[in-house]
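Chemist: Going down the list, the sequences are from chains A and B.
Numbering-wise, the first sequence is residues 1170 to 1329 according to the working numbering.
Numbering-wise, the second sequence is residues 2 to 108 according to the working numbering.
Since the hints were made in silico from the structure, they are not lab data.
Being a predicted model, the structure only gives us computed values, none of them experimental.
Errors might be hidden in some of the hints.
From the derived model, a few chain A residues whose C-beta atoms are all more than 10 Å from chain B [as the list claims (entries may be wrong)]:
1. A1191
2. R1226
3. K1230
4. S1236
5. D1237
6. G1238
7. F1243
8. H1244
9. E1251
10. F1255
11. V1259
12. D1272
13. T1277
Computed spacing ranges between beta-carbons, pair by pair [claimed, not checked]:
14. T1217(A) with L26(B): 22 to 28 Å
15. Q42(B) with T1174(A): 43 to 49 Å
16. V1220(A) with R96(B): 46 to 52 Å
17. R70(B) with A1204(A): 51 to 57 Å
18. N93(B) with P1254(A): 19 to 25 Å
No residue lacks a Cβ here, since even glycine has one placed at the ideal position from N, Cα and C.
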Amino acid sequence: MTRLTLKTEGDTHVVVTRKFAAPPKLVYRAHTEPALIQKWLLGPDGWTMPVCINEARPGGKIRYEWSDGAGRGFHVTGEYVELEPFSRLVHIERMFLPDPTPDNHVVTTFTPDGDGTLMTMRMTLPDEATRAMMLASGMEHGMEASYVRLQGFIDSAVVV
Amino acid sequence: MSNLDASFGALADPTRRAILARLALGEATVNELVEPFEMTQPAISRHLKVLEGAGLILRRIDGTKRPCRLAPTAMTEIDKWLDMLRKALAANYDRLDDVLAAMKTHE
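Next comes chain B alone, as it looks inside the complex:
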């Protein structure tokens, strides 16, 4: 689950969340991402490094630029985990249905 830890760590910062929200609208270069923030380019680049390390964004090379985009699997991984969670809880409660049915016949 280390990927998931990395994802949540990456998401725990409001600037990084805002970067992801911007990238949800489409690809952007570092300069384009710096614009809305009162931050230096190196600071934004550090955030991008965390997001890239967590597998949440991908970067390609376009001449001297390295445009960023959302990794398609980023949110899918979290969704998959949530689905497993629902299944785990549901399995327990299905078992509880059986336990309760047995209790009723003995009351």
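Same shape as in the complex, but just chain A:
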């Protein structure tokens, strides 16, 4: 089974790809139906997702809340911009840590790959942080992460 790839594109984009052994329709549904999302979009072991709102329509609301069960947690809010069942999702999101991070514009596509699906998620990040990371590190392939998107996950991982 193919693994996650994570790379930068230009100054402001991060692209994540992952293949799944299921058709695009199922992977799309797993990204848009709350009952399904709550089963996998979690943090470290032991964390749950007590709130999962996902209104899969243009302008629809997204709200995810995670908790470690011991009083710690954080949340994400967002809105859908476009949806093309079962191939493409465009949405905007931000994390509250507890202050809101800048908006992250995300385009997710689900394309057939044999019997499975290739999921590609392209994030547009705040310009400054990403470019600073890329240039200062001197790495040709650039930094491979979203500072704002992921700090919440990392914080929660460290806390647990």
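Please arrange chain B on chain A, whose structure you already have, making use of the hints.
Modeler: Leaving out everything else, chain B in the frame of chain A:
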């Protein structure tokens, strides 16, 4: 994660990034670092203070000079964080594999 915030703040300035790039070639004194920039020595020193505060450079004493060099842990900290990020995402998608497998048996 305050160390990481300090690192990113330090890296958000093009002069500081250029200083780090120069130090990647080897140790340098303040005078050596001032040379390529159209900046005063106090201005460069202020940048060095930020970089030192963020743990990205180290300084030693050599007579009246205080040569700077890259802190070995500087980029390692960012790499470690990136690695944690990859693991967090990978864990979620591994779980999604299981969810999808269950969905397939019910279709």
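Chemist: Take a look at whether the Cβ-Cβ distance between V1220(A) and R96(B) falls inside 46 to 52 Å.
Modeler: Between V1220(A) and R96(B), where Cβ atoms are some 18 Å apart, the hint is violated.
Chemist: Non-interface claim for R1226(A): all C-beta distances to chain B beyond 10 Å?
Modeler: The assertion about R1226(A) holds, with a minimum of 22 Å to chain B.
Chemist: D1237(A) clear of chain B by more than 10 Å, beta carbon to beta carbon?
Modeler: holds, 14 Å
Chemist: Examine each Cβ of chain B, and state whether all of them lie more than 10 Å from the Cβ of T1277(A).
Modeler: At about 13 Å from chain B, T1277(A) clears the 10 Å cut-off, so the statement holds.
Chemist: Checking the smallest CB distance to chain B, is G1238(A) really beyond 10 Å?
Modeler: Consistent with the label, G1238(A) stays out of reach of chain B, its closest Cβ about 17 Å off (over 10 Å).
Chemist: Please check whether T1217(A) and L26(B) have a Cβ separation lying inside 22 to 28 Å.
Modeler: Since the Cβ atoms of T1217(A) and L26(B) sit about 50 Å apart, the hinted range of 22 to 28 Å is violated.
Chemist: Are all C-beta atoms of chain B more than 10 Å from that of S1236(A)?
Modeler: holds, 16 Å
Chemist: Is it correct that the beta-carbon of K1230(A) has no partner in chain B closer than or equal to 10 Å?
Modeler: holds, 21 Å
Chemist: Taking 19 to 25 Å as the stated bounds, is the beta-carbon spacing between N93(B) and P1254(A) within them?
Modeler: holds, 22 Å
Chemist: Range hint 43 to 49 Å: satisfied by the CB atoms of Q42(B) and T1174(A)?
Modeler: holds, 45 Å
Chemist: Would you check whether the claim that A1191(A) is not at the interface survives, using Cβ distances to chain B and the 10 Å cut-off?
Modeler: violated, 4 Å
Chemist: Per the stated criterion, does the least C-beta distance between F1243(A) and chain B lie above 10 Å, as a non-interface residue requires?
Modeler: With a cut-off of 10 Å, F1243(A) remains clear of chain B, as the shortest Cβ separation is near 13 Å.
The structure shown violates the earlier hints numbered 1, 14 and 16.
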